[in-house]
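Student: Sequence:
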Amino acid sequence: MNNNYRKPLQSTQLEYYDVRQAIEDIQPGAYAKLPYTSKVLAEQLVRRCDPAILEQSLRQLIERKQEHDFPWYPARVVCHDILGQTALVDLAGLRDAIAEQGGDPSKVNPVVPTQLIVDHSLAVEFGGFDPDAFEKNRAIEDRRNEDRFHFIEWTKTAFENVDVIPAGNGIMHQINLEKMSPVIQNRDGLAFPDTCVGTDSHTPHTDALGVISIGVGGLEAENVMLGRASWMRLPDIIGVELVGQRKPGITATDIVLALTEFLRKERVVGAYLEFFGEGADSMSVGDRATISNMTPEYGATAAMFYIDQNTIDYLTLTGREPEQVKLVETYAKEIGLWASDMTQAEYPRVLHFDLSTVTRNIAGPSNPHARVSTSDLKEKGIAGNLDAARAQEAEGLMPDGAVIIAAITSCTNTSNPRNTVAAGLLARKANELGLVRKPWVKSSFAPGSKAAALYLEEAGVLKDLEKLGFGIVAYACTTCNGMSGALDPKIQQEIIDRDLYATAVLSGNRNFDGRIHPYAKQAFLASPPLVVAYAIAGTIRFDIEKDALGNDKDGNPIYLKDIWPSDEEIDALVKVAVKPEQFKKIYIPMFDLGVNEKATSPLYDWRPQSTYIRRPPYWEGALAAPRTLSNMRPLAILGDNITTDHLSPSNAIVLDSASGEYLKKMGVPEEDFNSYATHRGDHLTTQRATFANPKLFNEMVVRSDGTIKQGSKARVEPEGEVMRMWEAIEIYMNRKQPLIIIAGKDYGQGSSRDWAAKGVRLAGVEAIVAEGFERIHRTNLVGMGVLPLEFKLGTDRKTLGLDGTELYSVIGNIAPRSTLTLVIERSTDDGKNQIIEVPVTCRLDTEEEVHVYEAGGVLQRFAQDFLEGNVA
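If you count the sequence shown from 1, position 149 lands on 149 in full-length UniProt numbering, and the numbers rise without skipping.
All clues stand as given, with none of them false.
Below, a list of computed lysine-lysine pairs in the DSBU-like style, where the Cα atoms sit at most 30 Å apart:
(1) 247 to 561
(2) 709 to 736
(3) 438 to 380
(4) 326 to 7
FYI, nobody ran anything at the bench for these hints, they're computed from the structure.
Starting from the given sequences, assemble the full structure and let the hints guide the process.
Tutor: So, in structure tokens, the structure goes:
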């Protein structure tokens, strides 16, 4: 505490820490030039940092240096049920380990307020054309997830500082945006900026409110929950000036898909972005949130907007109390976080993006940053052959490129009233003209908040969506998370028999191969109104801007432009239909959590036959074994852009997978296999999902013609035998063979999935050498005791000619970003051994990460400190 800077906050009964004065005492005139992010980080240093390192830490921010670590103490942790549950399973397992070593398990609790929202476990088994879809899907969710929900209910009574919002209430990010974030905290008479970490990479959704919210893996979240500082160095902070105004008919989705393409090309990976300029000023918080939500898709850590009148208007609109809204404005202006106080902010790098250049877009196939203007669909080879597709349809067959899933889903878009109202208005015009959804399209609407249903009903467009098959199927993540449910068996069989190129179109944020549905070969991201249009078109081969969607009663062709609502129509309906009382009606009872009875024991009574919740093996097997970093065999050699979906998929489990075979052996009926994601509390199910994605390309598995074979395959060395990945892992585990993974650029992009690190560690992987790491995954690897190493520029798997027959060792002094030596031993054509020594960068970026790695992981480190009495 640095109470010299604690002062009364004008017009309130609260106090605050005067970070402006603290900065000015070090360097006069510096505060006004600081980016927004630096001001917030500086405030929490003044409020929480050890006085002994305060000045050094503040100087890092003032001088824009990245030389020393400083602590960050997020105010809150938010979790969805998959990673949140997994984190709490870890803590329950930690309690067992503490008890076995003589400690008091009841003292292992989250110290930081933790909010868990059950939103990732519902599959759309019944589509939006079934009027009872919501009730039917919820009943299936409860039945399939009884073990998980039993454990989650126990956590409410066993752990302190844990609040749970049960299934059926919405998506964590949308609830965070519309209710949970106060923007400015008021605790114990002290006002300070709200900050949070969340166990999902889209936690930056609330960056749109000016709140530093970042996605982390479950392991890093556990560290924060337990009250430990998240040590960091000053991140790259990049200004993004938005200039110009959007063209008529352009949605926030179109803007964010264009921005995602632009920012990926600008290489903003790991950076904190701050959006400003006339374009940003004109945006509603709903539009800003669509941009902030897709932060991980362009690779950044945060996507901040300044606090301004639009922020205040949004807080009022979503039903925040007037006193809280006034506090946000008063505090932001006092501390210099108000937009007009940011005009002198200086950024080492500024990017410029012209909103007037944005056209109507979709993204795909396969990557969120693969933007395609809808006017260029034929040129890009996406649209075309419509006559052939229509001929197939006339014969009673599904057409080439059939859209088998059309889903308005994900908080990315359903938290933005303009987007959902636009979809409703388009549906209304389509209905008036007699257009219908194609019968093979499984359509659905899953808003992230119950408030969305209220304002769409008030607007009179919910019934129009229902008529076209977009009735509400859930208030949950659904299709965006790969939970799109089963297809009609006849449709599925036709796809199999004809090897049909089938697709999905969704208003989500991820479209990686294999993610959305096992039988959707590729997926495309689109705005909610475009999703409705594609359900009518029925095939991705349709040129959505130029081909006729149908004919009116007089035989005249109907085009997209004929049913696309005007901006004036959308804005007028949003203005009258979206009201504060709707949000109050939903959220006041939702957060009336009451008082829970305390659990009878601080230890969980593990269910031995559960395939969802199992005591984690942190002090057993591979995790307890010493890491030698010597004579490692490669489990896989991989290319660029390996996602956490490749490493640990989240979609539905199929019978012929390793996990499916295990579940069958455990007596689980195939219809209840559920998804990989829902089983992440049971390591025996989930470790079998390691590299289980059928779209994987392991460069060690090569056909006779020299091409790489696709699938969950590995080659066991030294025998050279190719087999399924899990079988190879089992062999290496039985041999106690240490493993390594070699990869290309952007390794681990995608969801903040701790099992992408847990799975490889349980397999015996000790190190991963890549050309570059996505931030969250690198942190998760450290949290599991896996050493991330980075090739030096100009060196990679190809320049070294690696083929997987080699043995690998790592030597050198492990220290933050030190240079280590990767020793590669291989046989030459003449039978001799060749030794190659390759310098690599140790991607343990801070001293704290070195300590965590040396302990074997986050939980092992905490247990050591706890038992040694070093935890408060």
